[in-house]
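**Q** Now for the letters of each chain:
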Amino acid sequence: MRTPVIVDTPYPTVWQTAKKMGVSKKRTLEIIKIVDEIHARREKKRKEDRALARVKRLKTA
Amino acid sequence: MAGAQRDSAFLNIPYDPSYEEHFLAYIAGVAAFGLDPRATLELTGGERRLDRIFKLIADCRYSFHDLSLVELDRSSPATPRFNMPFELGLVVGWQTASPSIHDWFVFESSRHRLQKSLSDLNGTDPFIYGPSADGILREIRNALARHDVQPTATQMRSIFEEVQEYASSLIREEKGAPSLFEARPFAELVVAARRSAEVWVPGLLRP
Numbered sequence: 001m002r003t004p005v006i007v008d009t010p011y012p013t014v015w016q017t018a019k020k021m022g023v024s025k026k027r028t029l030e031i032i033k034i035v036d037e038i039h040a041r042r043e044k045k046r047k048e049d050r051a052l053a054r055v056k057r058l059k060t061a
Numbered sequence: 001m002a003g004a005q006r007d008s009a010f011l012n013i014p015y016d017p018s019y020e021e022h023f024l025a026y027i028a029g030v031a032a033f034g035l036d037p038r039a040t041l042e043l044t045g046g047e048r049r050l051d052r053i054f055k056l057i058a059d060c061r062y063s064f065h066d067l068s069l070v071e072l073d074r075s076s077p078a079t080p081r082f083n084m085p086f087e088l089g090l091v092v093g094w095q096t097a098s099p100s101i102h103d104w105f106v107f108e109s110s111r112h113r114l115q116k117s118l119s120d121l122n123g124t125d126p127f128i129y130g131p132s133a134d135g136i137l138r139e140i141r142n143a144l145a146r147h148d149v150q151p152t153a154t155q156m157r158s159i160f161e162e163v164q165e166y167a168s169s170l171i172r173e174e175k176g177a178p179s180l181f182e183a184r185p186f187a188e189l190v191v192a193a194r195r196s197a198e199v200w201v202p203g204l205l206r207p
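Order-wise, the sequence lines are chains A and B. Residue numbers for the first sequence follow my numbering, so the first one is 1 and each next one is one higher. Residue numbers for the second sequence follow my numbering, so the first one is 1 and each next one is one higher.
Think of the hints as simulated: they come from the structure by calculation, not from any bench. Cβ coordinates follow ideal geometry from the N, Cα and C atoms, glycine included. Among the hints, a few may not be true.
Restraint-style ranges between C-beta atoms, simulated for each label pair [stated by the list, open to error]: (1) B:GLY93 with A:ARG46: 13 to 23 Å; (2) B:GLU173 with A:LYS44: 19 to 29 Å; (3) B:SER169 with A:GLN16: 22 to 32 Å; (4) A:LYS45 with B:ASP16: 28 to 38 Å; (5) A:LYS19 with B:ASP73: 50 to 60 Å; (6) A:LYS47 with B:PHE54: 44 to 54 Å; (7) A:ARG41 with B:PRO131: 20 to 30 Å; (8) B:GLY45 with A:ARG2: 34 to 44 Å.
Produce the complete structure using the sequences and hints provided.
**A** Have a look at this one:
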């Protein structure tokens, strides 16, 4: 069996990554906002789906 | 190389529209482990391309080489894609010269194909991911590990989905240049993946 390679470097922050990739501070803020919106939307949908599934389960019980 | 960035991983993958989903899976998977993906897409400037590729490789602590599309391309004249095996060769030479500072991983979609396409690598076990992008996430999880916090399959899948959604918004925004295989979209995807990973794997954040 193969042994995985251990990654032991500290996790870079989004700002460190942006600097390395040459993305401006302004654009980084925009990207953070877009990704956070995507995340919030998906979380909301996940919660709604879970609630719906619960209701369905209760109805069939 | 003393200046190798220990949190960077070189992605040696095909830049092909049919490969877009896999491309995003590599970005998301590598970012989930706290590594910044790098690729030759970033290379601009006047210096000889080969020198810049080598510099980029030497700057990275890890590299992922996907040889699944080493085949004849569709556009005329039909030619095999030599770039990926060539860059893998550069890495193998580099790693042999300085063994402790670089780890490389070969990824393939089908079993036994590598033995035929690149028999010089016999004895090297490629990571076989099958047809789907999920397979790439799984095999990155097989290749890498962290002692502090190990990203879970669900976390990696969620980061991947968010990066996919970000890529769609990027394509909508950039009506004139809808390819993700360019310097700016790539840089932004890497930043988006890092942000998503920060949210999904909070245990890996710096104190």
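**Q** Among the hints numbered above, which are violated by the structure, and what are their numbers in rising order?
**A** Hint check: 1 and 5 fail, others pass.
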